[in-house]
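Full structure from sequences and hints, please.
Which chain is which? The protein sequence lines are Z and D, in order. Under my numbering, the residue at position 104 of the first sequence is numbered 96, and the numbers go up by one with no gaps. Under my numbering, the residue at position 71 of the second sequence is numbered 907, and the numbers go up by one with no gaps.
One or more of the hints may lead you astray.
[What the hints assert, rightly or not] Partial list, computed: chain Z residues near chain D (C-beta under 8 Å): (1) Glu7; (2) His35; (3) Tyr42; (4) Thr78; (5) Phe82; (6) Gly90; (7) Lys91; (8) Gly95.
No lab work stands behind these hints, which were simulated from the structure alone. Idealized CB from N, CA, C, for every residue including glycine.
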Amino acid sequence: AQSVSQHNHHVILSEAASLELGCNYSYGGTVNLFWYVQYPGQHLQLLLKYFSGDPLVKGIKGFEAEFIKSKFSFNLRKPSVQWSDTAEYFCAVRGHAGKSTFGDGTTLTVKP
Amino acid sequence: GAGVSQTPSNKVTEKGKYVELRCDPISGHTALYWYRQSLGQGPEFLIYFQGTGAADDSGLPNDRFFAVRPEGSVSTLKIQRTERGDSAVYLCASSLGRGGDTQYFGPGTRLTVL
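In structure tokens:
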């Protein structure tokens, strides 16, 4: 069975601070990994994804994530957050056949 | 064209009633997914269609839940004898094909069972 754990439930940062959100997964085979973002009042949008190749993936809006296979981790990073990054962030893992398992999300609040 | 659309956006019903939730995927997307999101949790997988057939329905919680996609496009999630615990946001997503394709999510239907 596949599972995802996001350790930070709520993160509060000031603008220009650096961000790292933790994500650990459990799955016994080849995985596809995703980070989604949900801005207030909007629906889930894809931030970035890892399928294979370079373990450091870059997404939209300056976000990046690093896949570390030995640690079963896929942490999300951004060097300098903005107030507009205030949102909920979900990590997801997908094995074969398209079924995705999501973490419980991390709420990020960026203070102006 | 347009993204994934879901109707209604909100549905309030009484315990024991039957409800139908509709999903219109992006045109040309053969894969369609239903998820359920409860407050404070991430989306929980319910069922996945590839074309008209349910490729994986392992997430449906019990036999009160059923979903169809008769023509390989629009899908309807049906819930019989609703219970208060069914209250959640029901999300639909679609993708071009199976496997690694990006899933595009709709805005969801907020179901409240009184």
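*Tell me, which hint numbers fail for this structure?*
1, 3, 4
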